[in-house]
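Number of protein chains: 2
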Amino acid sequence: MEVYNDININQLKSADTSYPILTLLANRWSPRMFADKAVMRRELMALLEAARWAASSSNEQPWRFVYAFRGSHAYEKIFSCLSKFNQKWVRNAPILMITAIKEQFNSGKANYHALHDLGLAAGNMAVQAQSMGIALHHMAGVDWKKAQELLGVPDGFHVATAIAVGYYGGDPSALPDDLEETELTKRDRKPLEEIAIEGAWW
Amino acid sequence: MEVYNDININQLKSADTSYPILTLLANRWSPRMFADKAVMRRELMALLEAARWAASSSNEQPWRFVYAFRGSHAYEKIFSCLSKFNQKWVRNAPILMITAIKEQFNSGKANYHALHDLGLAAGNMAVQAQSMGIALHHMAGVDWKKAQELLGVPDGFHVATAIAVGYYGGDPSALPDDLEETELTKRDRKPLEEIAIEGAWW
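Line order of the protein sequences matches chains D and Y. Under the working numbering, the residues of the first sequence are numbered 55 to 256, in order. Under the working numbering, the residues of the second sequence are numbered 55 to 256, in order.
No lab work stands behind these hints, which were simulated from the structure alone. Beta carbons are placed, not taken as given, at the ideal position from N, Cα and C, and that holds for glycine. One thing to keep in mind: the hints can contain errors.
[What the hints assert, rightly or not] Label-pair distances were calculated between CB atoms; the ranges are:
no., chain 1, residue 1, chain 2, residue 2, range
1, D, P245, Y, E203, 25 to 33 Å
2, Y, R124, D, P230, 49 to 57 Å
3, D, K244, Y, D242, 47 to 55 Å
4, D, G125, Y, E235, 36 to 44 Å
Can you build the whole structure from these sequences, using the hints too?
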């Protein structure tokens, strides 16, 4: 089908922006189908390296990434920690990651901003990926306690998200029907005025 | 002084990467001195628009941004909520923002990932800014209770960070001595192996 041509899907998914923004940001989306193409180790390293250079509170760098390639035992371990919903599609991704945060500063004080800073790092990763034709799909649906145990996450670190990583360009018709529909739906956001307020809320 | 030429400072601040990454990401840093140049409203809108298109859990878009231009009453309100340390330099920024998160999903369930998703949005904003020669300085040092009150942040939202926004290119010698030194120090990160682990932690 015409719409399954991946260039058209990426066009469909491109943001309808109120103000012009970088193509790298406008064209990013979170597929559940990926191209049948491996992401090589050196490519993954570029994604992680991009994450590494994000800003963080007191330069604490509270982000950690546990990654696994499809076909490995570790990939199955990560897979087993994901929600049933995510398990329906996530094997399409050649790489899976679990992210975790360091909950305290080196001083021992709780780091309220660790999750925020993980988001900055994951955002860097998404932009680097986009420049390489690689898509990320961040997932909240993780059994974090199970992941904590199965992946040997040490005390003081807390599992936060999972990330599916693969090249854009898969055929959405191979997805279950409901997910295929989402895959072909335009991206949508709240109006800018709702999220950005001048001066004060009221 | 030669080193105060802003091209040289930006070279000094450019990341020493283990793997090549986008220049936009490698060259981003968090100055405390900004160029003596206004950031126009339409430029700010491009930054906020970039934030708007980030990914979020269930597309909840839990991020909010309250912004103010230097010279306004609102700018002074935001200024008054920042830590003494941040107050030493932050007036160099022509725009200040306070960020907040929506703490619950529309369903009423707590949104553990709201802070993470705010980080994704702030990361988008940083990349858009970088492409325009604009720098962000994220701050954790905010009296969030005071900001909550002064800015009229509604129940259900929680102040998270502040952001200083301005063009790169200021003269660091105008900063207090300790901050001038930081401004001219190379950026540093943990080795990649410490933050990225294959398979499992142990």
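Now the hints, each set against the structure:
no.	hint	in the structure
1	D:P245 / Y:E203: 25 to 33 Å	holds (26 Å)
2	Y:R124 / D:P230: 49 to 57 Å	holds (52 Å)
3	D:K244 / Y:D242: 47 to 55 Å	violated (37 Å)
4	D:G125 / Y:E235: 36 to 44 Å	violated (50 Å)
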